[in-house]
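Protein sequence lines correspond, in order, to chains A and B. This note's numbering numbers the first residue of the first sequence as 1 and each following residue consecutively. This note's numbering numbers the first residue of the second sequence as 1 and each following residue consecutively.
Don't take every hint at face value.
30 Å max Cα-Cα, derived DSBU-like pairs, lysine-lysine [said to hold, decoys possible]:
| id | chain 1 | residue 1 | chain 2 | residue 2 |
| --- | --- | --- | --- | --- |
| 1 | B | K147 | A | K314 |
| 2 | A | K401 | A | K302 |
| 3 | B | K198 | A | K560 |
| 4 | B | K119 | A | K528 |
| 5 | A | K559 | B | K147 |
| 6 | A | K314 | A | K293 |
| 7 | A | K293 | A | K124 |
| 8 | A | K274 | B | K78 |
| 9 | B | K78 | A | K2 |
| 10 | A | K525 | A | K585 |
| 11 | B | K78 | A | K229 |
| 12 | A | K527 | B | K200 |
| 13 | A | K536 | B | K119 |
| 14 | B | K129 | A | K536 |
| 15 | B | K129 | A | K527 |
| 16 | A | K528 | B | K198 |
| 17 | B | K200 | A | K525 |
| 18 | B | K200 | A | K314 |
| 19 | A | K525 | B | K198 |
| 20 | B | K200 | A | K2 |
| 21 | A | K302 | A | K314 |
| 22 | A | K528 | B | K200 |
| 23 | A | K2 | B | K198 |
| 24 | B | K119 | A | K538 |
| 25 | A | K585 | B | K119 |
| 26 | A | K560 | B | K129 |
| 27 | B | K129 | A | K538 |
| 28 | B | K119 | A | K525 |
| 29 | B | K78 | A | K232 |
It is worth saying that the hints were derived from the structure and are not from the lab.
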Amino acid sequence: MKQILLGNEAIARGAYEAGVKLVSSYPGTPSTEITESIVQYERIYCEWATNEKVGAEVAVGASIRGARALTCMKHVGVNVAADPLFTASYIGVNGGLVFVAADDPGMHSSQNEQDSRNYARAAKVPMFEPSDSQECKDYLKKAYEISEQYDTPVMLRLHTRVSHSRSVVELEDPQDIVIRPYVKNVDKYVMMPGMAIKRHVIVEDRMVRLAQDSSADIDSVGLHTITIKSQKLGIITAGAAYQYVADALPDASILKLGMIWPLPQDLIRSFASKVDRLVIVEELDPFLETEIKAMGLICEGKSLFTLQGEYSAKMIRTALTGEPNPASVVSQEILPVAPARPPVMCAGCPHKGLFLALSRLRVQVTGDIGCYTLGALPPMAAMDACVCMGASIGMAHGFDKATDGEASTHTVSVIGDSTFMHSGVTNLINAVYNQSRITVVILDNSITGMTGHQQNPTTGLDIRLRSAPSINLEELCRSIGVTSIRILDPVDSRLCQTVIREELEKDTVSVVIARRPCALIPVGKGKKEDRTVVNKDKCTACGSCIRMMCPALTEGPDKKPIIDWDICNACGLCMNLCAFGALTKGGRKS
Amino acid sequence: MTNHVSPPVSPAKTTDKSLESLRMNIALAGVGGQGTLVAGKLLGTVAIKLGLDVKVSEVHGMSQRGGSVITYVRMGSKVFSPIIEAGTADFCLAFEELEALRWSGLLKTSGTMIINSQKIRPLPVLMGKAQYPQEIRSVIESAADGKARIIEIDALAAALTAGSPRAVNMVMLGALSIFTDIPLDYWEESVMEVFAGKPKLIPINLQAFHFGRDLVR
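Whole structure, please, built from the sequences with the hints as guidance.
Shown next, in the form of structure tokens:
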């Protein structure tokens, strides 16, 4: 039977068909839907892990104990999971083990565009790269075979355009879940120097065998496809870039790699010998190009193409053929400029009240990864630095120590509930232990918001929405030694301002928990009768409500606000901000 | 939690040779939350019923938070890139006027653009730092110089009449369906399959779809 599946859904289907027993992941765009989609396969144990390192370690454990295991993450998640990855490479597997890394060239929803292929090379593990949903499923299943056959974790590299594109997939029957026997083997599973020295030899031998077999057996190991057409131009490519090449260069000879590490050197040499000009088409780093040049072959790559962003058929056509690109029927030169439409905080977003307070306080803000990173943009513009998951607290501590505490009178770190559980809590322990004076705001919106509403250890539900233990943030903070803990509702923006000002003056670590559920989840929905109404007589058209940029509240011709009741979530923030009492509850069903 | 369980799609039903050779690029431009993803999924379902290869490219995550979103649907006997290049869209469905302006470069000669007259003012406009352009439909029409069909409909009003503002996407697809050779039953069955998990929504969405057809006939 055929289905049209997202690349991510096809990965989940592949895991089901391959008899995977366990999936443990932390959400991250563009990888999130893999693990969400696993939920439909009831025989698979799946969970949201607290972070990518934990997810990877759970998968490593399941593999050693004999089960096929999967862990999925976005590209920057691999940085977090790198520690277990590099040594799991030495240990190998018992049940098959796959790490899925989803790259985001063009940074649709990421803080950098690192290239995960470098991890396969550095950790000495094989990596496959699919180019559509069918290949997502096929390559994942092959990855489990290779993992067990060669005793190695396998990486599978995705790409936003593969993860988030739907294409046709032929479904197959699932294999049974098999749990292999576990036999204690300290030489293989305990990595101390004496054992690891021997395992390293095995790892290097494994990669040599894989490279040879990938060349010799392209159908059952390498999954490469060779199309010989014109002798004038040969392209080596893989993954999403292949699709652009196929569109742009219908006459070129193409070697499309399936397993992109280790490289099938003999196959590449043979292909190179058949064409006059060899060009490598790969987004981001010159990964293949560098390796192919190191083989002594003459080829072009980044001399023709950029290191940044996504490629396109147009870019490839322009670089390699003299053919004109299609032109739009709508002459763009004579059109007015379309104003940008940057992402914004939603109507009823609990982060807005808090960030308005930070903006009014004119404090320095060390930020973190989540919807609230939008607080860096106008109108709040209340963020000074944002690096990676969990970094907000460590950076504030760095501000504190760099200035002997002076910065902590006017520096606030902000972090979401899920990000705090991911890697903020270790930073907070460090700050308490090292006697910092920082003020930390935990934005507790009862969900992992940006990635599309996943549960986490604070929400009281597991991935299958069954009841689960809920970590109490204030008790957790108290237990690690935070003495000043305040809890407030961020919709009371003035109170936020007062409380944060008080906490900034304290000489110890302070935690402010700004607690209100995300407006997009059921418990965050306001009541229809509480939606905002405007009393035009009281309104002085001062503009303070307009300036906060709520999508539900726009400026009318008389400069007074107009409320869009279809969008208003009845949070009450605008009512709290109005100094004239012109905005009140009372919006009935429209 | 988002429903990521795709409904099973019944196998291709077409026996009409002209439909098998169909090749279409359809761009769906809108604002995060307007339902372009579901519209894309529905077009994918239609393509499978036609026995065609299809790719639907979506936008998720940060870029979806009230931002500009574009969904590409490409169908044909074999589809490679999931992205529609500038000047190659047979159809461009703009769910919002400003997005029509932004993505008009995708449209090819003799293509059709269907614009929903809804205006969603972006942040820079709300802040008074930019102007929402006026008369977008006629501006695009003159820039196309008579070489493309530019149509504007009030899809939001039609969706509200059908029973939900969220059915704007079905109104837009209904309007599109009039300009394709794809028979009505392919569309209706696809609506029912895409909403199979939420049967209560099927009548509203079918009605919205038909309102869309009526608007452009």
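Against the structure, the hints:
1. B:K147 with A:K314: OK: K147 of chain B and K314 of chain A at ~23 Å, within 30 Å.
2. A:K401 with A:K302: 43 Å, violated
3. B:K198 with A:K560: Answer violated: K198 of chain B to K560 of chain A is near 40 Å, above 30 Å.
4. B:K119 with A:K528: 24 Å, holds
5. A:K559 with B:K147: 41 Å, violated
6. A:K314 with A:K293: 26 Å, holds
7. A:K293 with A:K124: The given pair, whose Cα atoms are some 20 Å apart, holds under the 30 Å limit.
8. A:K274 with B:K78: 27 Å, holds
9. B:K78 with A:K2: 15 Å, holds
10. A:K525 with A:K585: At roughly 15 Å apart (the allowed maximum being 30 Å), K585 of chain A and K525 of chain A satisfy the hint.
11. B:K78 with A:K229: Answer holds: K78 of chain B to K229 of chain A is near 18 Å, not above 30 Å.
12. A:K527 with B:K200: Given pair K527 of chain A, K200 of chain B holds - Cα atoms ~23 Å apart, limit 30 Å.
13. A:K536 with B:K119: 24 Å, holds
14. B:K129 with A:K536: 25 Å, holds
15. B:K129 with A:K527: 33 Å, violated
16. A:K528 with B:K198: 23 Å, holds
17. B:K200 with A:K525: Holds - the C-alpha atoms of K525 of chain A and K200 of chain B are around 21 Å apart, at most 30 Å.
18. B:K200 with A:K314: With Cα atoms ~44 Å apart, K200 of chain B and K314 of chain A exceed 30 Å; violated.
19. A:K525 with B:K198: 21 Å, holds
20. B:K200 with A:K2: Holds, at about 26 Å.
21. A:K302 with A:K314: Between K302 of chain A and K314 of chain A the Cα gap is close to 16 Å, so the pair holds against 30 Å.
22. A:K528 with B:K200: 22 Å, holds
23. A:K2 with B:K198: 22 Å, holds
24. B:K119 with A:K538: Measuring from Cα to Cα gives roughly 29 Å; hence the hint holds.
25. A:K585 with B:K119: It holds: about 26 Å lies between the C-alpha atoms, which stays within 30 Å.
26. A:K560 with B:K129: This hinted pair holds, its Cα atoms lying about 18 Å apart.
27. B:K129 with A:K538: Judged against 30 Å, a Cα distance of about 27 Å means the pair holds.
28. B:K119 with A:K525: 25 Å, holds
29. B:K78 with A:K232: Between K78 of chain B and K232 of chain A the Cα gap is close to 25 Å, so the pair holds against 30 Å.
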